[in-house]
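Novice: Since chain R is already given, all that's left is putting chains A and Y with the ligands on it; use the hints.
Chains as they are written, first to last, in this note's numbering: chain R, 1 to 186; chain A, 1 to 186; chain Y, 1 to 186.
Simulated from the structure, these hints should not be mistaken for laboratory data. Computed from a predicted model, the values in this text were never measured in an experiment. Check before you lean on any hint, since a few could be wrong.
Unchecked claim - Listed next, the in silico DSS-like pairs over lysine-lysine satisfying Cα-Cα at most 30 Å (straight line): (1) A:186 with R:186; (2) R:140 with A:78; (3) Y:6 with A:140; (4) R:53 with A:2; (5) R:186 with A:6; (6) Y:78 with Y:6; (7) Y:12 with R:6; (8) Y:78 with R:2; (9) Y:12 with A:140; (10) Y:78 with Y:140; (11) A:12 with A:83; (12) R:78 with Y:107; (13) Y:12 with A:83; (14) A:51 with Y:53; (15) A:12 with A:2; (16) R:107 with A:53; (17) R:12 with R:186; (18) Y:107 with Y:186; (19) R:53 with R:140; (20) Y:107 with R:53; (21) A:186 with Y:6; (22) R:51 with A:2; (23) Y:51 with Y:107; (24) A:12 with A:78; (25) R:2 with Y:186; (26) A:107 with Y:83.
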Amino acid sequence: MKLYTKQGDTGKTSIIGGRVDKDHLRVEAYGTIDELNSFIGKAVSELEQEKFKDLIDDLTAIQHELFDGGGDLANVMKERHYKLTEEPITVLENRIDALSEEAPPLKRFILPGGAPAAATLHIARTVARRAERETVSLMKEIEDVSPVVQKYLNRLSDYLFAAARVVNYRLSIQDVEYIRSGDVFK
Amino acid sequence: MKLYTKQGDTGKTSIIGGRVDKDHLRVEAYGTIDELNSFIGKAVSELEQEKFKDLIDDLTAIQHELFDGGGDLANVMKERHYKLTEEPITVLENRIDALSEEAPPLKRFILPGGAPAAATLHIARTVARRAERETVSLMKEIEDVSPVVQKYLNRLSDYLFAAARVVNYRLSIQDVEYIRSGDVFK
Amino acid sequence: MKLYTKQGDTGKTSIIGGRVDKDHLRVEAYGTIDELNSFIGKAVSELEQEKFKDLIDDLTAIQHELFDGGGDLANVMKERHYKLTEEPITVLENRIDALSEEAPPLKRFILPGGAPAAATLHIARTVARRAERETVSLMKEIEDVSPVVQKYLNRLSDYLFAAARVVNYRLSIQDVEYIRSGDVFK
Ligand code: B12
Ligand code: B12
Ligand code: B12
Ligand SMILES: C[C@H]1O[C@@H](n2cnc3c(N)ncnc32)[C@H](O)[C@@H]1O
Ligand SMILES: C[C@H]1O[C@@H](n2cnc3c(N)ncnc32)[C@H](O)[C@@H]1O
Ligand SMILES: C[C@H]1O[C@@H](n2cnc3c(N)ncnc32)[C@H](O)[C@@H]1O
Ligand SMILES: [Mg+2]
Ligand SMILES: [Mg+2]
Ligand SMILES: [Mg+2]
Numbered sequence: 001m002k003l004y005t006k007q008g009d010t011g012k013t014s015i016i017g018g019r020v021d022k023d024h025l026r027v028e029a030y031g032t033i034d035e036l037n038s039f040i041g042k043a044v045s046e047l048e049q050e051k052f053k054d055l056i057d058d059l060t061a062i063q064h065e066l067f068d069g070g071g072d073l074a075n076v077m078k079e080r081h082y083k084l085t086e087e088p089i090t091v092l093e094n095r096i097d098a099l100s101e102e103a104p105p106l107k108r109f110i111l112p113g114g115a116p117a118a119a120t121l122h123i124a125r126t127v128a129r130r131a132e133r134e135t136v137s138l139m140k141e142i143e144d145v146s147p148v149v150q151k152y153l154n155r156l157s158d159y160l161f162a163a164a165r166v167v168n169y170r171l172s173i174q175d176v177e178y179i180r181s182g183d184v185f186k
Numbered sequence: 001m002k003l004y005t006k007q008g009d010t011g012k013t014s015i016i017g018g019r020v021d022k023d024h025l026r027v028e029a030y031g032t033i034d035e036l037n038s039f040i041g042k043a044v045s046e047l048e049q050e051k052f053k054d055l056i057d058d059l060t061a062i063q064h065e066l067f068d069g070g071g072d073l074a075n076v077m078k079e080r081h082y083k084l085t086e087e088p089i090t091v092l093e094n095r096i097d098a099l100s101e102e103a104p105p106l107k108r109f110i111l112p113g114g115a116p117a118a119a120t121l122h123i124a125r126t127v128a129r130r131a132e133r134e135t136v137s138l139m140k141e142i143e144d145v146s147p148v149v150q151k152y153l154n155r156l157s158d159y160l161f162a163a164a165r166v167v168n169y170r171l172s173i174q175d176v177e178y179i180r181s182g183d184v185f186k
Numbered sequence: 001m002k003l004y005t006k007q008g009d010t011g012k013t014s015i016i017g018g019r020v021d022k023d024h025l026r027v028e029a030y031g032t033i034d035e036l037n038s039f040i041g042k043a044v045s046e047l048e049q050e051k052f053k054d055l056i057d058d059l060t061a062i063q064h065e066l067f068d069g070g071g072d073l074a075n076v077m078k079e080r081h082y083k084l085t086e087e088p089i090t091v092l093e094n095r096i097d098a099l100s101e102e103a104p105p106l107k108r109f110i111l112p113g114g115a116p117a118a119a120t121l122h123i124a125r126t127v128a129r130r131a132e133r134e135t136v137s138l139m140k141e142i143e144d145v146s147p148v149v150q151k152y153l154n155r156l157s158d159y160l161f162a163a164a165r166v167v168n169y170r171l172s173i174q175d176v177e178y179i180r181s182g183d184v185f186k
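Chain R extracted, bound-state conformation:
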């Protein structure tokens, strides 16, 4: 197998059921989902198996789901069937609730950081938000986009925030509050 096909050396590329410019909003959006997926892989590589088995399991499921969502954005076939459904969003919500209860209650913004894996989860959180913004741009330009992906990314960024806090909490690292923060969390 040759990994490189040279078919993209001209600035155009294949999607599922078509061919578009490489800087098309669609490619931008699933390309950023791929970037997000890679940061999640990085966070997993920094988490110890024993203390964080639950988070590693969550994050691995999320990696598969990001492929589902990315594939849905890459798909322009006439008869298509989306892979990412509402169900994983409900799962994320339940996990956010559970993790938020484990970590100490929160009133003010906290500085992103702490343990290396927590810091990477904060990075992933902000890349999820970048992917969400690009998905919104795509949806504004093209009507025909699965609405689940944006909603999933929105919830995922909250999950990653909750997960970062739990990592620090289990390692007895205290999150530092933003000194000039108001009481923003209700």
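Specialist: What follows is chains A and Y with the ligands alone, placed relative to chain R:
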């Protein structure tokens, strides 16, 4: 407390004193400042307390200042008071001068890398520059933006360069010069 | 030497042979190449010298080549001579073939991750693709751009994929297949 409010599932989001599309240049700019802040948190997580106390103190102050600047970009209230002032820029300039004197003098571009924390500081440097570019785009579209934020980000990227060099220097790791570089630093 | 010149505090910046807005597509593209270069520096910082001498040598050569390509994008002089040539692309292709043969054969997409350095190489892969997209945008707007840079970035992202797989293989970490993947690699 429920972390997720579902209010952003439609592609619109709240700012301080308004509601805008999630892919608005304003959201783009402070979203990237949040990403930058997270990479700085990552660098801090990789720096040893003893050898780099001064840098950790700088970087922590910078994290608070990035919240100030991000909040200023998120604020469209009629009567507003910006949190980020010129003063932290002067502090950055003094620190750049001090760190530049500690590291060996420089004529040519160097490859970004070295120790893990130095490599992360170089990444943060380039993300600061990305945030600066987006802030410039915002200022070109909308007159009513605090001018301090762009200037702060500009200086911050130079601080992060100087800090990366000092990390390598204190760890006796030599920066590698770009072989085909001219003498670019004057 | 003063590292900061304050000449960019107004939103404009110098390129080789001109002066442009900081958010010009040209600055965007070589700024992202700088970001990519920094992630490659990070990967190098995570690779052990003994097991991965070949990859470290590849990645160091690539860092110099990214300066060549970035400089070519920054250059608008009338009489100019591009630094990045076709030759390093051929070298990349040979290395992709060799590394693809070392790692187990592939049919389906794999989750980005594994060892820390492999995870970082996957991140760099996706940032190379972001840099490629921005270079394509620049080429669409401005005819007068070296065509080698986009082709180089395209091949580089495939190299980084192959390298990530070899890192995991040599460390006996098995890549996890995306469960709902079709047989996509031919
Ligand atoms: C989308 C895509 C991606 C996405 C995938 C993830 C995602 N979901 O976001 C992203 C951007 C991440 C990606 C990354 C990469 N990719 Co890619 N990717 C593709 C693409 C466009 C589609 C692949 C796909 O998902 N196909 C659909 C699959 C098979 O869906 P399915 O549900 O199994 O089946 C569908 C259809 O096949 C159909 N169907 C299935 N069975 C049947 C049966 C019948 C009877 C019928 C009627 C229909 C039918 O119905 C389904 C409906 O959609 C292909 C090019 C192409 N057009 O095929 C390249 C392609 C597979 N990628 C390629 C490469 C090289 C890569 C990267 C290595 C690039 C890089 N350097 O980063 C990475 C590897 C990533 C990894 N982690 O493994 C190459 C592989 C080259 C090769 N040697 O074979 C391809 C072929 C592109 C190319 N260069 O030509 N990729
Ligand atoms: C800006 C913002 C951010 C920025 C903040 C940082 C920055 N500065 O760049 C960023 C993008 C980083 C961010 C991130 C997040 N955020 Co946020 N964010 C907001 C937002 C829009 C404003 C918060 C704020 O700064 N308010 C202003 C504060 C209180 O300013 P202040 O100086 O203290 O007071 C001002 C006014 O209140 C007034 N004032 C103060 N006191 C008084 C008194 C009187 C008498 C008067 C007249 C006026 C007055 O004057 C000041 C002038 O501005 C709110 C939504 C909203 N519109 O409130 C969400 C919000 C707080 N965020 C939220 C969330 C969930 C998050 C994230 C977890 C999202 C994520 N998944 O990443 C992260 C957490 C980040 C962290 N590290 O902790 C949620 C919280 C939900 C909840 N359960 O409560 C909110 C409510 C949005 C929502 N979903 O509805 N956020
Ligand atoms: C392009 C550029 C970058 C690129 C460079 C990499 C790349 N290739 O992508 C990037 C974006 C990465 C970059 C980063 C940085 N940069 Co810079 N960069 C420049 C810029 C615009 C050009 C430098 C350059 O490559 N010149 C061309 C070189 C010298 O080419 P050359 O092949 O050797 O020679 C050419 C000509 O000189 C001519 N020539 C050569 N010899 C001769 C002889 C004769 C007789 C003739 C006729 C012609 C001739 O022919 C060649 C054809 O092009 C300069 C500003 C400027 N306009 O000079 C700033 C500049 C060098 N950068 C600067 C700074 C501060 C930085 C950063 C620290 C910023 C940051 N905070 O991140 C980093 C450092 C990066 C690092 N790792 O070391 C400052 C330095 C300030 C100082 N104190 O001197 C400058 C001067 C900008 C400024 N602020 O004014 N930079
Ligand atoms: C917490 C705050 O973050 C902002 N916000 C909401 N979604 C995004 C996103 N995808 N990217 C960046 N910022 C976002 C809104 O202003 C919200 O109120
Ligand atoms: C060092 C060089 O980097 C470029 N430059 C200046 N500001 C930025 C930025 N925010 N992002 C990317 N490149 C930038 C200019 O070309 C400058 O001369
Ligand atoms: C493997 C798949 O990735 C997509 N693709 C090709 N080039 C890029 C890029 N620069 N960025 C993001 N996605 C890309 C195409 O859809 C290709 O088929
Ligand atoms: Mg949200
Ligand atoms: Mg600058
Ligand atoms: Mg390609």
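Novice: Hint by hint, note whether the structure agrees.
Specialist: Here's how the hints hold up against the structure:
no.	hint	verdict
1	A:186 with R:186	violated, 52 Å
2	R:140 with A:78	holds, 29 Å
3	Y:6 with A:140	holds, 19 Å
4	R:53 with A:2	holds, 24 Å
5	R:186 with A:6	holds, 14 Å
6	Y:78 with Y:6	holds, 27 Å
7	Y:12 with R:6	violated, 36 Å
8	Y:78 with R:2	violated, 39 Å
9	Y:12 with A:140	holds, 11 Å
10	Y:78 with Y:140	holds, 20 Å
11	A:12 with A:83	holds, 25 Å
12	R:78 with Y:107	holds, 26 Å
13	Y:12 with A:83	holds, 25 Å
14	A:51 with Y:53	holds, 29 Å
15	A:12 with A:2	holds, 19 Å
16	R:107 with A:53	holds, 28 Å
17	R:12 with R:186	violated, 47 Å
18	Y:107 with Y:186	holds, 7 Å
19	R:53 with R:140	violated, 39 Å
20	Y:107 with R:53	holds, 28 Å
21	A:186 with Y:6	holds, 14 Å
22	R:51 with A:2	holds, 25 Å
23	Y:51 with Y:107	holds, 26 Å
24	A:12 with A:78	holds, 21 Å
25	R:2 with Y:186	holds, 8 Å
26	A:107 with Y:83	holds, 20 Å
Going down the numbered hints, you'll see the structure goes against 1, 7, 8, 17, 19, while the others check out.
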